[in-house]
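With these hints in hand, go ahead and build the complete structure from the sequences.
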Amino acid sequence: MTRKNRRAAFIVTSLAILGLAVGLVLYAMRDNIVFFYSPSDIAEKDIGPGQRIRLGGMVEEGSLAHSSEATINFRVTDFVKAVGVTYTGILPDLFREGQGVVAEGHMQADGSFVADTVLAKHDEKYMPPEVAESLKKAGRWKEGEDTPMPEGAVKP
Amino acid sequence: MIAELGHFSLVLALAVACVQMVVPMIGAHRGDVAMMAVAQKAALAQFALVGFAFVVLVNAFITSDFSVSLVAENSHSTKPLIYKISGVWANHEGSMVLWVLILSLYGALVALFGGNLPNVLRARVLAVQASIGVAFIGFILITSNPFLRVVPPPFEGRGLNPLLQDPGLAFHPPFLYAGYVGLSMAFSFAIAALIEGRVDASWARWVRPWTLGAWTALTIGIAMGSWWAYYTLGWGGFWFWDPVENASLMPWIVATALLHSAIVAEKRGALKSWTVLLAIFAFSLSLIGTFLVRSGVLNSVHAFASDPLRGVVILGIISFFIGGALALYGWRAPKLKAEGLFAPMSREGALIVNNLLLTAAGAAVFIGTLYPLFLDALNGPKITVGAPFFNMTFVPIMVPLMILVPLGPLLGWKRADLVAALERLMGAGALAVFVCLAIMGFISEAPWLAALGMGLATWLVAGAFSELAARISLFSSPLSVSLRKARHLPRAQWGMAFAHGGLGVLVAGVVGMTAWQQELVTALKVGESAMVGQYELTLEKVGMREGPNFEALVGVIGVKKDGKDLGFMLPEKRRFPVERQEKTEAAIRTNGFADLYVVIGEDNGQGGYTIRAYVNSFAPWIWGGAIIMAFGGLVSLTDRRYRVGAPSRARVRAQPQAAE
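So the sequence lines, in the order shown, correspond to chains A and B. Note that the first sequence covers residues 1 to 156 in the numbering used here. Note that the second sequence covers residues 157 to 816 in the numbering used here.
Think of the hints as simulated: they come from the structure by calculation, not from any bench. Small disclaimer: the values here were computed from a predicted structure and weren't measured. Treat the hints with care, as some may be off.
[As the list claims (entries may be wrong)] Dumping the calculated DSSO-like pairs for lysine-lysine here, alpha-carbon to alpha-carbon at most 27 Å: (1) A:K4 to B:K538; (2) B:K538 to A:K81; (3) B:K538 to A:K45; (4) B:K493 to A:K4; (5) B:K716 to B:K697; (6) A:K4 to B:K423.
Structural data, given as C-alpha cells:
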C-alpha cells in the first residue's frame with residue numbers, strides 16, 4: 001500500500017467517524033431538547049400536551065398537598081401566574097414551600113403539569129439560574145436578596 | 157495571626173511561581189545551566205509555601221477558628237472531624253487552594269524525580285507548570301482569599317451543606333482534582349515540546365505515566381461521585397448526564413484517548429503532533445470543567461454562592477491557556493516530524509480508530525453540555541439537553557469502540573495479521589454469543605438490546621483474558637511455562653487487561669441496571685406491606701434517632717423473599733438543624749449481583765410514609781468495574797519502565813543536546 005493510499009484510508013476513516021458523530025448529534029438534537037418555561041410563559045404560549053418541558057419558579061406558599069398514596073400536588077409560581085403540578089414520588093431533600101424549584105414533565109389538557117422529575121436548589125444561598133432569571137423578568141427578585149418577594153409582602 | 161501567615165505564604169508562592177515561570181524559560185533559550193537549575197528549587201519552594209498555606213487552612217477548620225470567614229461560613233464545631241477536614245475543599249476558596257496544592261505537588265515531583273529528563277525539557281516543563289500556578293494563585297489572591305477574617309467573629313459557624321457531609325463525597329474532590337491537575341503535567345510537557353519543536357520517545361515516556369496517573373485518579377473520582385449520587389440523591393440512578401458530571405467525563409474521555417496515542421508516540425514515533433494536541437485538549441477540558449462547575453453557570457451542588465468576577469477571571473485564564481496553546485500548536489506543530497510508517501491494519505491503525513471514536517464521543521458530550529449554555533449566552537431559548545440526547549449520541553459511538561477493544565492489543569505493530577488475531581478471539585466471541593443467546597432464551601422479559609449489551613460485556617471481559625492467555629501461551633504450552641511467562645509479563649500488560657476487563661464489568665452493570673431495574677413508589681402506614689421485584693417490604697416501625705449533628709427519621713422495614721425473613725433495612729431522612737436542611741440516606745442491601753434499595757420520604761399527612769424502593773440488577777458491577785479499571789491503571793503505573801532510576805531495558809536512545 002502506497003503512502004498516498006494509506007493517507008486516503010486514514011482520511012476516509014476519519015471522515016466516516018466524523019460524519020457518524022455529526023449525524024447522531026443532529027438527529028438527537030431534533031427531539032431530545034427540553035425547553036424551560038416559567039408559569040407566565042406557559043400562560044402566554046400554547047404548549048401541546050405531551051411535549052416534554054421544564055417548568056421553573058417558586059413553590060407557592062401553602063400549596064403543597066398530599067392527595068393520595070405517594071402523589072403530591074403543589075403550585076409553581078413566578079408571582080404573576082401559577083401552574084398546578086402533580087408529582088408521584090419522594091420530593092428532593094431541599095424542596096420547600098417558598099423556594100425555587102424546577103420540575104420536568106409535560107402539560108395536561110386541563111392546564112396542569114405532571115412532573116416525573118423535581119429538582120430543588122442545593123443550598124439556601126443558591127437559586128437555580130433559570131428560576132432567578134424568570135423571576136427577575138417578572139420583577140420579583142433582585143440579585144443579592146435572600147428570598148423573592150411575593151406580591152404585597154413586607155420585608156421583616 | 158496564623159491565618160495571616162497562610163495568606164502571606166500564598167503571596168510568597170505567587171512570587172516564587174513568577175520566578176519559576178520566567179527564569180528557567182530564558183535559561184533554556186540561552187542554554188544557561190544555572191538559570192535552568194532555578195526551576196527545581198523554585199518548584200520545591202512553591203510546593204512548600206502552598207503546602208504551608210493549605211496546612212494553615214486545614215488547621216483553622218479543625219480548630220473551628222470562626223474568626224476566619226471561610227471557616228465560619230462552612231464549618232460548625234459539632235461537625236465530625238472528617239467533615240471538618242473535607243469542609244476545607246467543600247467551598248470555592250478552599251477547593252482552589254487544594255487545586256493549586258496538587259499543581260505545585262506535581263511540579264515538585266518533576267523537580268525531584270526528573271533527573272533522567274533532558275535539562276532543557278525539564279526547565280521548560282517546570283516553567284510552563286509555574287505559569288499555570290501564577291494564574292491560579294493570582295486568581296485565589298485577587299478574587300477568593302480563603303484567609304479573610306470576620307470582625308467580630310461569630311460564636312458558631314454556619315455549617316456545611318449536609319449533602320456534602322458524606323464519606324463518599326469527602327474524598328471525591330481530591331481525587332478529581334488529582335486527575336484534572338495531573339493532566340496539567342501532560343499539558344506542560346506538550347507546550348515544552350512545542351517550544352522545543354521536538355517530540356521524542358523519552359518525551360512520550362514521561363507523558364504516559366502522568367496521563368496514566370491522572371486517568372486513574374479521575375476514574376476513582378468520577379466513580380466516587382457517581383456512587384454518592386446513587387445512594388444520596390435517592391433517585392436510584394448512577395449517572396444523570398448532568399452538565400457537572402459531563403464536565404468530569406470529558407477530560408476522562410480525552411485522557412483515555414491521550415493514554416492510547418502516547419503509546420504510539422513512544423513505541424513507534426508516530427502520531428506525535430496528534431498526541432500533543434490531545435494533551436492540550438485534555439487539560440483544556442479540565443479547565444473548562446473547573447469553570448463550568450465553579451463559576452455558578454450550572455445549577456448544581458458544586459456551584460457555591462458565586463461572584464460574577466470569579467467566573468470572568470476563570471474564563472480569562474482559560475481563554476489565555478487554551479488560545480495560547482492552540483496558537484503555539486498551529487505555529488510549531490508542523491515542525492514535529494512523524495516517523496514510523498504503518499499499514500492501516502496494524503496496532504497503530506487500531507489505536508487511531510480508538511482515538512477517532514473517543515474524540516467523537518467526547519465531542520458529542522461537549523456539544524450536549526455546552527449547547528444550552530451557548531444558546532443562553534446568545535439570549536436564545538432556555539433548553540436542557542438530558543439523558544435521551546446522550547443515549548442517542550454517546551452510546552452508538554462507544555459501542556463500535558468496545559467491539560474493537562479486545563482486537564486492538566492482538567494486532568502487531570506496523571502490519572498485522574487480522575485473521576490470526578481473530579482466531580485468538582474465537583473463544584471470547586463464542587462465549588459472548590452464547591451469553592447473548594442464553595439471555596434471550598431464558599429470561600422472557602429481556603429486551604434484545606440488553607442481551608446484546610451483556611454479550612458485549614462478555615466479549616470485553618473474555619477478550620481481555622484471551623489477550624493475556626495469548627501472551628503467556630496458556631493452553632498451548634505446559635502450565636509451568638505459562639506461569640513463568642506470566643511472571644515476566646510486563647506490568648503494563650496486566651494493567652491493560654484489568655482496565656479493558658473492568659470496562660466489560662462496568663458495561664454489564666450499566667446494561668443490567670438499565671434493562672432490569674424494578675421500581676416501587678407507594679405510601680405505607682406502619683404495618684402495611686408492598687412488593688418490589690421478589691421482595692416483600694413491610695414498614696414495621698418509624699422512629700427518631702440522634703446523630704452527632706443531625707436527627708434522623710428512621711424507617712424500620714422488614715424484608716422478606718419467598719416467605720423467608722431477610723431481616724431489616726433502615727432508610728433514614730436526616731435533618732440538620734444548623735444548616736436547616738434535610739438529607740436522604742438510602743438503605744442498600746446487596747448480594748453482589750443486585751441491590752435492594754429503599755428510601756423513606758416524609759409523612760404524607762394521612763398517617764403514611766412515602767416509600768421508594770428499587771431492585772437494581774447488576775448495580776454493584778458499575779462501581780466494581782470502575783475500581784477494576786482504576787486498579788489496572790495502578791498496576792500499569794508500577795511497570796518497571798516507569799520506575800525512577802531503573803535501568804532502561806529498551807534500546808538506548810540518543811541523549812538530547814543541552815541547548816539548541
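Tested hints:
no.	hint	result
1	A:K4 to B:K538	48 Å, violated
2	B:K538 to A:K81	19 Å, holds
3	B:K538 to A:K45	14 Å, holds
4	B:K493 to A:K4	17 Å, holds
5	B:K716 to B:K697	16 Å, holds
6	A:K4 to B:K423	23 Å, holds
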